[in-house]
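Here is how the chains run, residue by residue.
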Amino acid sequence: MKKKFFALPYIVWMILFTVMPLILVLVYAFFNTTPSGDVIFTTEYLASAFSPESLSVLWRSLGYALITTVLCLLIAYPAALLLSRLKPRTASILSLLFILPMWMNFLLRTYAWRALLDLNGPINQLLGLLGIPAQQMLYTEGAVIFGLVYNFLPFMLLPIYSVFTKMNTSYIEAAEDLGANKRQVLFRVILPLTRPGIITGITMVFMPAVSTFIISRLLGGAHYMMFGDLLENQFMLLKDWNTGSALALIMMILLIISMALMRKYDKDSTEGGTRLW
Amino acid sequence: MVRLKRFFKRFYLAILLFFLYLPILMLMVYSFNGGKTMAKWTGFSLNWYVELFKDPVIMEALGVTLSIALLSSLIAVVVGTLAAIGINEYKKWPKTLTINLTYVPMMNADIVTGISLLLLFIFMRIPRGYGTLLIAHTAFNIPYVIFSVLPKLRQMDPNLYEAALDMGATPSYAVRKVLIPELMPGIMTGFIMAFTMSFDDFVISFFSTQGLVNNLSTYIYSMARVGINPKINALSTIMFVCIITLLIVTNVQANRHSKKQQKQQRI
Numbered sequence: 001m002k003k004k005f006f007a008l009p010y011i012v013w014m015i016l017f018t019v020m021p022l023i024l025v026l027v028y029a030f031f032n033t034t035p036s037g038d039v040i041f042t043t044e045y046l047a048s049a050f051s052p053e054s055l056s057v058l059w060r061s062l063g064y065a066l067i068t069t070v071l072c073l074l075i076a077y078p079a080a081l082l083l084s085r086l087k088p089r090t091a092s093i094l095s096l097l098f099i100l101p102m103w104m105n106f107l108l109r110t111y112a113w114r115a116l117l118d119l120n121g122p123i124n125q126l127l128g129l130l131g132i133p134a135q136q137m138l139y140t141e142g143a144v145i146f147g148l149v150y151n152f153l154p155f156m157l158l159p160i161y162s163v164f165t166k167m168n169t170s171y172i173e174a175a176e177d178l179g180a181n182k183r184q185v186l187f188r189v190i191l192p193l194t195r196p197g198i199i200t201g202i203t204m205v206f207m208p209a210v211s212t213f214i215i216s217r218l219l220g221g222a223h224y225m226m227f228g229d230l231l232e233n234q235f236m237l238l239k240d241w242n243t244g245s246a247l248a249l250i251m252m253i254l255l256i257i258s259m260a261l262m263r264k265y266d267k268d269s270t271e272g273g274t275r276l277w
Numbered sequence: 001m002v003r004l005k006r007f008f009k010r011f012y013l014a015i016l017l018f019f020l021y022l023p024i025l026m027l028m029v030y031s032f033n034g035g036k037t038m039a040k041w042t043g044f045s046l047n048w049y050v051e052l053f054k055d056p057v058i059m060e061a062l063g064v065t066l067s068i069a070l071l072s073s074l075i076a077v078v079v080g081t082l083a084a085i086g087i088n089e090y091k092k093w094p095k096t097l098t099i100n101l102t103y104v105p106m107m108n109a110d111i112v113t114g115i116s117l118l119l120l121f122i123f124m125r126i127p128r129g130y131g132t133l134l135i136a137h138t139a140f141n142i143p144y145v146i147f148s149v150l151p152k153l154r155q156m157d158p159n160l161y162e163a164a165l166d167m168g169a170t171p172s173y174a175v176r177k178v179l180i181p182e183l184m185p186g187i188m189t190g191f192i193m194a195f196t197m198s199f200d201d202f203v204i205s206f207f208s209t210q211g212l213v214n215n216l217s218t219y220i221y222s223m224a225r226v227g228i229n230p231k232i233n234a235l236s237t238i239m240f241v242c243i244i245t246l247l248i249v250t251n252v253q254a255n256r257h258s259k260k261q262q263k264q265q266r267i
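The listed protein sequences correspond, in order, to chains A and B.
With the first letter of the first sequence counted as 1, position 217 gets the number 217 in full-length UniProt numbering; the numbers rise by one all the way through.
With the first letter of the second sequence counted as 1, position 146 gets the number 146 in full-length UniProt numbering; the numbers rise by one all the way through.
Hint data in this document are derived by calculation from the structure and do not stem from the laboratory.
C-beta atoms are modelled at their ideal positions from N, C-alpha and C, and glycine is treated no differently.
It is possible that some hints are incorrect.
List time: in silico EDC-like cross-link candidates among lysine to aspartate or glutamate, alpha-carbon distance up to 16 Å [what the hints assert, rightly or not]:
id : chain 1 : residue 1 : chain 2 : residue 2
1  : A       : K2        : B       : E89
2  : A       : K3        : B       : E51
3  : A       : K4        : B       : E162
4  : A       : K4        : B       : E89
5  : B       : K177      : B       : D200
6  : B       : K177      : B       : D166
7  : A       : K2        : B       : D166
8  : B       : K177      : B       : D157
9  : B       : K36       : B       : E51
10 : B       : K152      : B       : E182
11 : A       : K2        : B       : E162
12 : A       : K3        : B       : E89
13 : B       : K40       : A       : D118
14 : B       : K152      : B       : D200
FRET-style restraints, in silico, Cβ to Cβ [as the list claims (entries may be wrong)]:
id : chain 1 : residue 1 : chain 2 : residue 2 : range
15 : B       : Q155      : A       : S36       : 39 to 49 Å
16 : B       : P151      : A       : M262      : 20 to 30 Å
17 : A       : L129      : B       : K5        : 29 to 39 Å
Construct the complete structure from the given sequences, taking the supplied hints into account.
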């Protein structure tokens with residue numbers, strides 16, 4: 001038997017459980033069965049997926065995801081830099097410490113934040129000791145974004161850190177020897193060299209953040225619904241497969257757009273690496 | 001000045017880690033709370049740890065989580081390794097197509113993967129339950145195995161397998177004795193990744209079972225609206241401590257191993 005045929009079980013599996021489901025999303029989004037049993041093409045579901053209500057949820061999700069991605073990048077980048085400068089042994093232990101929380105169910109961690117941010121929770125009690133009046137932190141937009149940043153931070157940190165560890169530090173030394181100041185070294189050498197890590201980090205944070213659900217509900221209450229919550233409602237509560245599929249289609253198109261954008265920037269960065277000289 | 005800067009550098013990572021672990025600490029501390037909520041500390045108690053093992057629903061959910069993680073990653077290892085060996089032999093365009101399609105479940109938003117699988121199960125009238133949960137987990141696990149085995153295949157000398165055949169090994173013997181041992185590190189990485197992904201997953205489990213079978217994460221979700229039972233905190237504490245212990249043990253072993261090697265090299 002040729003080695004080629006070894007992939008056969010997987011090819012069958014892939015067609016059944018990767019390709020078919022995606023085709024079904026399209027079918028459910030565009031076709032309707034009439035009571036008499038005829039299957040007809042319709043754009044009615046797509047129209048309801050693009051209703052003003054769901055569009056406002058979509059814009060909000062995109063906004064939250066954007067803020068989350070920027071915050072994660074601003075927090076994680078210096079952390080990755082610091083981590084990579086430590087002794088290898090300390091760095092490997094610390095980077096493990098950043099991964100470890102992911103082994104605790106994220107729902108539970110988010111739920112614990114509810115208790116921590118509560119009006120009578122430990123943080124407000126601490127503020128009270130300092131003479132600061134209790135703040136309403138839970139059920140605010142800030143809480144939702146905090147929860148998202150908390151959840152996605154490791155996904156930004158790890159790819160950037162791994163690029164830092166592989167980076168050839170003699171480039172930095174060379175730049176310094178040639179008289180570059182610290183700012184120039186950061187913006188002209190370190191940043192371009194770590195671009196692949198940044199790009200991976202952004203893809204691992206932005207799209208998952210757009211489609212999250214529950215985090216917004218647990219920390220923001222009912223007011224700050226995100227696109228993932230909308231999808232969940234459509235499928236689990238209303239059991240409207242068709243409109244739900246049309247919404248999922250929007251999600252898929254967004255993913256394709258963002259991946260195309262990322263690929264373009266990724267290409268630029270490899271070219272940028274040669275442009276350095 | 002230098003000292004201040006160094007202090008700040010350490011301090012920054014420490015603050016981040018503090019925030020990362022704050023909720024976990026909170027959960028662990030309150031698993032020893034006598035009372036039922038995280039709002040009030042009523043005194044130390046091991047009550048929830050005792051109650052935990054008497055709760056049939058939690059024990060069943062734990063069983064589902066562990067057995068699905070184990071089964072789905074085992075199936076993924078077998079199907080995925082074979083697939084990687086096959087795909088590696090493909091010509092240019094079938095190879096690109098298959099690899100790109102394999103990326104889909106990894107890149108797609110979990111919620112879309114979950115929903116599309118749910119649509120398939122509805123369309124094919126497969127009743128939601130343990131079976132659909134297993135299919136869904138295997139589906140998102142296989143790509144992790146394929147992408148950990150493929151690089152190992154590329155690194156490997158292709159003549160090794162051919163040589164075994166020339167020396168009279170049957171293809172299946174050559175695969176078992178030559179190919180698989182060479183690929184073992186990749187297969188192990190794939191297995192560990194698949195197990196972790198399955199263990200952690202909530203979104204895809206939630207949609208592929210429609211809440212008809214619960215693993216731990218969907219069970220936690222069903223409780224989140226009414227309030228999480230401290231028994232779950234106790235269980236998470238136990239699991240978290242287990243994982244830390246496991247990590248320390250493997251780390252220490254790896255350390256010993258590398259030290260031994262260094263010594264041997266010196267001799």
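Hint check against the structure, violated hint numbers in rising order
Going through the list in order, the structure violates hints 2, 5, 14 and 15 and respects the others.
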